[in-house]
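Can you make the complete structure from the sequences, with help from the hints?
The UniProt record's numbering puts the sequence shown at residues 1 to 547.
Everything labelled a hint here was simulated from the structure, so no lab data went into it.
Treat the hints loosely; a few may be bogus.
[As the list claims (entries may be wrong)] Here are the simulated DSS-like pairs of lysine-lysine, each with C-alpha atoms no more than 25 Å apart in a straight line: (1) LYS361 with LYS282; (2) LYS342 with LYS388; (3) LYS402 with LYS368; (4) LYS427 with LYS361; (5) LYS420 with LYS361; (6) LYS391 with LYS369; (7) LYS402 with LYS391; (8) LYS170 with LYS368; (9) LYS152 with LYS182; (10) LYS152 with LYS114; (11) LYS114 with LYS166; (12) LYS268 with LYS282; (13) LYS369 with LYS251; (14) LYS152 with LYS170; (15) LYS429 with LYS368; (16) LYS361 with LYS259; (17) LYS368 with LYS391; (18) LYS77 with LYS113; (19) LYS113 with LYS182; (20) LYS391 with LYS427; (21) LYS429 with LYS402; (22) LYS166 with LYS113; (23) LYS391 with LYS429; (24) LYS77 with LYS182; (25) LYS152 with LYS216; (26) LYS388 with LYS361; (27) LYS427 with LYS388; (28) LYS251 with LYS361; (29) LYS170 with LYS209; (30) LYS114 with LYS170; (31) LYS391 with LYS342; (32) LYS420 with LYS402; (33) LYS429 with LYS388.
[What the hints assert, rightly or not] Between beta-carbon pairs, the in silico distance windows are: (34) LYS361 with PRO165: 35 to 41 Å; (35) SER76 with CYS491: 24 to 30 Å; (36) GLU372 with GLU347: 33 to 39 Å; (37) GLY354 with SER163: 46 to 52 Å; (38) SER203 with GLY315: 30 to 36 Å; (39) LYS368 with PRO165: 23 to 29 Å; (40) SER499 with ILE186: 54 to 60 Å.
Model, not experiment: these values are computed from the prediction.
Virtual Cβ for every residue (Gly too), placed ideally from N, Cα, C.
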Amino acid sequence: MSSEPPPDAAATSSAGDLAADLSSATISKKQLKKDARKAEKAEKASQRQQQQQPQADADDPFAANYGDVPVEEIQSKTISGRVWTEVSGLDEAAAGRSVLIRGAAQVIRPVSKKMAFVVLRESMSTVQCVLVASADAGVSTQMVRFATSLSKESIVDVEGVVSLPKEPLKATTQQVEIQVRKIYCINRAIPTLPINLEDASRSEAEIEKAEQAGEKLVRVGQDTRLNYRAIDLRTPANQAIFRIQCQVENKFREYFLSKNFVGIHSPKLIAGSSEGGAAVFKLQYNGQPACLAQSPQLYKQMAICGGFERVFEVGPVFRAENSNTHRHLCEFVGLDAEMEIKEHYFEVCDIIDGLFVAIFKHLNENCKKELETINRQYPFEPLTYLEKTLKLTYEEGIQMLKEAGTEIEPMGDLNTEAEKKLGRLVKEKYGTEFFILYRYPLAVRPFYTMPCYDNPAYSNSFDVFIRGEEIISGAQRIHLPELLTKRATECGIDASTISSYIESFSYGAPPHGGFGVGLERVVMLFCALNNIRKTSLFPRDPQRLVP
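Put into structure tokens, the structure is as follows:
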């Protein structure tokens, strides 16, 4: 999702695609009522369970080895000096060692009165814990019963000895077991969760295969997932998605700092009821009309005028667009950059080339576990890209579409369908799914875009695509106040509403350019996910404001 203000905020999906997207994005009132009833029942069941749950038996000689931890013990009462081991660090080298771990009870499986298995999960790692009633081990049948009374997703501390299983474990990430000596419940989850983590973790292929065999599995819909996002985020795929997202953001910062860019933070509260003619969220600020920033565009340019040769920003971007599509959000994380240009706006394109090739390489080389985890639930082919990013003119792109039977208005913009088709054509011809399309018609670009020197009908601008979808919009900016005022007026913008922005260029401003990209969209397209809501922690779209 570009953080460049689009000249036209309307969604470009076809009627059929829009209907499907609306269906997936809209929160059903009926579903909300149904979810509320389920939550109420679960709460009542939780209260009953708390009244009935087995506590440590006073007659049990091993009663001190298990039970629910009193609230006062987890209110930062003391520092014990105990050392916890991370589940991800449990391997064959730890065999025979006593460890203390904490995790969520993902699976609880009683075998008999004297034996049970509990699978604990910490982040993306799981380990099987084995309880066998034995006086030598300090484990009683009451302790086994206590463990099997735990509700799924309860937070549990386990002390035990690491052992090697006789056969490889298929259901856990760690290939060792914990022979439990002590088990304590830190916090019990309600007995009936609104969504089952096992259901939420299945791939569509698994569900379809079961249906073909006559078995009916639960398919957790997008709205239900988002309504109970705190549970949905626990799935392995979601854990991996947001770790990938963190890596993309970190590499963005790291790359720009290595290129002598300065990180800035622009204001998100803007004077006036519009910002460059774009769709904004309006509000009142001490009796004055104001709006939420739909781009740091004007301020990063003003920072260039302030003497910072190169700047970047990572921050929230707000768009009041009624775009109910698979790739639009009303709030997203913008990754923006602006820099002085010495001769040509391709200097900006070269920065983008180096940035994204570095990001792609880093993810492929250092995030294999996360990518494999995502692939298990949401299968995708690795992104293909060139070491030196392909650049095509807008006219060349139009010609490729024309030769393939798709007519596009020569001075118009590409719609979603045309972008996807061009992406397929470029991949077939050049072997890449990542490319730059430059020299767009001036009429489809923002007012502050610099016209081409040889034909003012075109502009010194570009878009960048991944898998046939636009992720970046950028350009050389107009740094001449007279031309900037003229272009604003031609685009129907009252220049007086952006006077402080225009004035900043009258104090002497270097030629400059930049771009904006949406973090969520980059992750969505790199992992070939079908909806941007999968890469937004708590999505905000035209239909959703909670949780």
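Structure-based check of all given hints:
{"no.": "1", "hint": "LYS361 with LYS282", "result": "41 Å, violated"}
{"no.": "2", "hint": "LYS342 with LYS388", "result": "21 Å, holds"}
{"no.": "3", "hint": "LYS402 with LYS368", "result": "39 Å, violated"}
{"no.": "4", "hint": "LYS427 with LYS361", "result": "19 Å, holds"}
{"no.": "5", "hint": "LYS420 with LYS361", "result": "24 Å, holds"}
{"no.": "6", "hint": "LYS391 with LYS369", "result": "32 Å, violated"}
{"no.": "7", "hint": "LYS402 with LYS391", "result": "19 Å, holds"}
{"no.": "8", "hint": "LYS170 with LYS368", "result": "19 Å, holds"}
{"no.": "9", "hint": "LYS152 with LYS182", "result": "18 Å, holds"}
{"no.": "10", "hint": "LYS152 with LYS114", "result": "20 Å, holds"}
{"no.": "11", "hint": "LYS114 with LYS166", "result": "20 Å, holds"}
{"no.": "12", "hint": "LYS268 with LYS282", "result": "12 Å, holds"}
{"no.": "13", "hint": "LYS369 with LYS251", "result": "18 Å, holds"}
{"no.": "14", "hint": "LYS152 with LYS170", "result": "20 Å, holds"}
{"no.": "15", "hint": "LYS429 with LYS368", "result": "28 Å, violated"}
{"no.": "16", "hint": "LYS361 with LYS259", "result": "18 Å, holds"}
{"no.": "17", "hint": "LYS368 with LYS391", "result": "29 Å, violated"}
{"no.": "18", "hint": "LYS77 with LYS113", "result": "35 Å, violated"}
{"no.": "19", "hint": "LYS113 with LYS182", "result": "17 Å, holds"}
{"no.": "20", "hint": "LYS391 with LYS427", "result": "13 Å, holds"}
{"no.": "21", "hint": "LYS429 with LYS402", "result": "15 Å, holds"}
{"no.": "22", "hint": "LYS166 with LYS113", "result": "22 Å, holds"}
{"no.": "23", "hint": "LYS391 with LYS429", "result": "13 Å, holds"}
{"no.": "24", "hint": "LYS77 with LYS182", "result": "21 Å, holds"}
{"no.": "25", "hint": "LYS152 with LYS216", "result": "22 Å, holds"}
{"no.": "26", "hint": "LYS388 with LYS361", "result": "13 Å, holds"}
{"no.": "27", "hint": "LYS427 with LYS388", "result": "15 Å, holds"}
{"no.": "28", "hint": "LYS251 with LYS361", "result": "11 Å, holds"}
{"no.": "29", "hint": "LYS170 with LYS209", "result": "20 Å, holds"}
{"no.": "30", "hint": "LYS114 with LYS170", "result": "23 Å, holds"}
{"no.": "31", "hint": "LYS391 with LYS342", "result": "20 Å, holds"}
{"no.": "32", "hint": "LYS420 with LYS402", "result": "14 Å, holds"}
{"no.": "33", "hint": "LYS429 with LYS388", "result": "16 Å, holds"}
{"no.": "34", "hint": "LYS361 with PRO165: 35 to 41 Å", "result": "37 Å, holds"}
{"no.": "35", "hint": "SER76 with CYS491: 24 to 30 Å", "result": "57 Å, violated"}
{"no.": "36", "hint": "GLU372 with GLU347: 33 to 39 Å", "result": "37 Å, holds"}
{"no.": "37", "hint": "GLY354 with SER163: 46 to 52 Å", "result": "49 Å, holds"}
{"no.": "38", "hint": "SER203 with GLY315: 30 to 36 Å", "result": "34 Å, holds"}
{"no.": "39", "hint": "LYS368 with PRO165: 23 to 29 Å", "result": "25 Å, holds"}
{"no.": "40", "hint": "SER499 with ILE186: 54 to 60 Å", "result": "58 Å, holds"}
Violated hints for the displayed structure, listed by number in ascending order: 1, 3, 6, 15, 17, 18, 35.
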